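Visitor: Protein chains in written order, with the working numbering: chain A, 400 to 665; chain B, 976 to 1225; chain C, 112 to 416.
Hints listed in this document are in silico derivations from the structure and should not be mistaken for laboratory results. Any given hint could be a false lead.
What the hints assert, rightly or not - Heads up, simulated DSS-like pairs for lysine-lysine below, C-alpha to C-alpha not over 25 Å straight-line:
(1) Lys415(A) - Lys1089(B)
(2) Lys411(A) - Lys1089(B)
(3) Lys1112(B) - Lys978(B)
(4) Lys358(C) - Lys239(C)
Unchecked claim - Going by beta-carbon spacing under 7 Å, a handful of chain A positions derived as facing chain C:
(5) Arg604
(6) Ile626
(7) Leu629
Note that the structure is a prediction, hence the values are computed from the model and not measured. Note that the Cβ used here is the ideal one computed from N, Cα and C, for glycine as well.
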Amino acid sequence: MVKKKMYPVWRKIKNKVISLFFVALAVLSLVALVSIVGNVFHLTVSPLHISSCSQNCGWISIWPGIRALWWTLRLLFIASVIALPFAFGTALFITEYRVTYLVFIVRLFVDILAGIPGILIAIVMYGFQFIVGQSSSNELFISSLIIFLLPKLAKGFAEIFYGVPLHYREVAFAIGSTRMQMVFKVLLPMTFRTLSASVLLGVARTLGVVAPLLLFDSGIHYLPVDIYHLTVNGEFIKAAMYSLFLLFTILLIYLFAAWLDQEIIK
Amino acid sequence: MGKALSAIELSASFGNHQVLHCVSLHMQPNYVTAIIGPPGSGKSTFIRCLNRLHETVPRATMTGRVMLGDQDVYQMDAISARQKIGMVFAQPNPFPTMSIFDNVAIGLRLRDGKRQIHLSDEVERSLTIANLWSEVKDRLQESSGKLTVGQQQRLCMARALALQPAVLLLDEPASVLDPFSTLRVEELIDQLKERYTIVIVTHNLQQAARVADRTAFFLAGEMIEQGTTTDLFTTPCDKRTEDYVTGRFG
Amino acid sequence: MVKQQRNNVGEMVFTTLVFGSAASVILLMGLIIVVLLVHALPAILRFGLAVLWTNQWLPIDQVFGMWPFIVGTVISSGIGVLFAAVVGTATAIVIVRIRLKWLRQLSAALVQWLSLIPSVVFGLWGIKFVAPILLQMLRSAPISAVSGSAEADGILLAGLTLAAMLLPTIVTVTRETLISVPPSIVDGALALGATLNEATLSIVIPYARRGIFSAILLALGRALGETIAVVMVIGSQPQLAYTLFTKTDTLTSVIATQWNHTQSVYGQSVLFEAGLLLFVLTFAFYTIARMYVPRSVAAARLQLW
Ligand SMILES: Nc1ncnc2c1ncn2[C@@H]1O[C@H](COP(=O)(O)OP(=O)(O)OP(=O)(O)O)[C@@H](O)[C@H]1O
Ligand SMILES: [Mg+2]
């Protein structure tokens, strides 16, 4: 009987504890995530506090970073322009055609390729180069990026196409349009914003990859790879500054994508 | 036994959008009070204020008092207030991840702790009152999602009844049901009023006429008129009420 | 007539594109398998399957065992996913509950941005932020089990770094599934006198369990394949991890770190074999995982795979 009287009190305590637990974990993750950005900031500005360093020593080394960013974006642009039609075609093949054995296999392969570790792409490119002979590192870089980007984009596109209810397509087919007309008149207009946001975010994600490019030591600068080498060599300040460029670029791309497709944050 | 429930000068808003304007309504014990009115007139908001569900909506505010018997609902703990004032929603919402038994038992488990001796008796009692026992007694451990919509709605009633509340709020309990299930729910309401004070929101005027002792008419967040059901339907005082009950309304 | 002609050409180009892309995907897969097999073949023929359970990695003596790396992969991903799942789910719950609309959206946007952050940045964070804290804690802790380790590098640090990396992914996908829980069943629970926490634990989470599970699988896939963030913090020693602070390697990081140090004949071939193993694991993982992952629009938009 006493226990029964006590139960509401105990329940209240339990409730408080659970709330506290949730909030504590949320604060923990906030701290973790903010400290990631904060860490980069802190490292970048830390030389400015050291009096022995003259005012502009932080600023002189900005240019290599910006140049590397420019190169990075150029390589990435070429890679995504090539990957885009293939990803688009693959997604259409997966979603818009009658499910046959072939479609099933392609879908499975896309799923797997989208999740393949970057380092595997690197060794495959390396090994491939052995088989067919030396090619320029520019091409190697771009092909690695394409292999990384293509399946991810294809999978994303396919998911987005799946999200379009079937009856929209049926309406188009019912008035006698071909598959291509259906794709260009119904599917694309309906999903255009989501698709472009998805491409942008895929590019943003690829902007940060290191692993697929890690094994070629070449004269080409790809910003994240540079950051990696700088960090391994202990040049943390420079690495942090480059990371800041990277974070900032990704933020810009994200904001643009979020503006394109406001559903993202709902 | 039911207790009287009265709302005194209730006003409610969502953000800046005021939905209820100073509504006062007395719901007598062991009576069925129906609330009728066109869509968007604030009926749901009103009964959600009665059991303090309104305050769980972000940016929702309200003023006024709600008295259960001689206690102020808003002075009580929100949890115990909701335990005393049960509610059934328009859309049958049994917990899809739980079995039929757990659906009825969860209220008791939450209130009195996990280990209880008479739990299965209580569940049987509530299901029997809700006229569902004979249909589900062999499948108590099945998922509640397997029931028909009508059975789900009666399960929701059983779930609310298990806590033995003083008041039962029904927000359009029959709006998604077929005529047969509707009839069964109405019969159930008739049986229940011996034990509970019942407030029912409905769009169906015949339904209000069939089940309710008293009826209140809401329009645009104000209570236009209330009275016994017969009076309200046959000799309404207000022109707008007359228009609505005779079907001449917009 | 002319229009018809043009249409046909367009149709042909379109069909070629679609089938060509599909063919290219299959070709790509074939290429990966062939290249890995060709280069791994010498090592496979020489060492057989024994590399899987051999415990040592001594390139000079021609002894190659991947067991330490398999263990390293499993443990570091396990730590990462465990932390990220618990913290991330709680965070998603809190974000969904925030009552101020702008703050709710801002936090969601922040998390999504962070889910795009490259792994190098997480590695940098692990080295310069977590490692000093861990070291501080190590020094002040009166345990002898980890005595002597003057560095924080090791499998725990790798796990924590992975956890931070996976956190945004889990929060984003879990948040999406939590939002899609019908509010009516939450109302139902509240109307029965449940507190919000009780409603969350007994109604919302069971309802959203598939979505949460798929978020965890997604995160696990990324953890298993992550190279860079791990390389930067794991210490890179080819040895079995006995304590949480042992420097070890994972299957991915060993390829990156041993690549340029392969003096022996079979060194590179063995690394290709490790790659092949990784590939087989990835293949198996995604073949199974895709059956349990419901469609996630958030993941599709953010390219979270
Ligand atoms: N969660 C909410 N946020 C903002 N406004 C709301 C919310 N719920 C209801 N409203 C607004 O409150 C007003 C009254 O809604 P309420 O649901 O009380 O009407 P109702 O009479 O129950 O209508 P119906 O007959 O359609 O159920 C409507 O104008 C509606 O737009
Ligand atoms: Mg309503």
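Visitor: Next step is simple, just say for each hint if it's right about the structure.
Guide: Consistency of the hints with the structure:
no., hint, in the structure
1, Lys415(A) - Lys1089(B), "holds (18 Å)"
2, Lys411(A) - Lys1089(B), "holds (15 Å)"
3, Lys1112(B) - Lys978(B), "violated (31 Å)"
4, Lys358(C) - Lys239(C), "holds (17 Å)"
5, Arg604, "holds (5 Å)"
6, Ile626, "holds (5 Å)"
7, Leu629, "violated (9 Å)"
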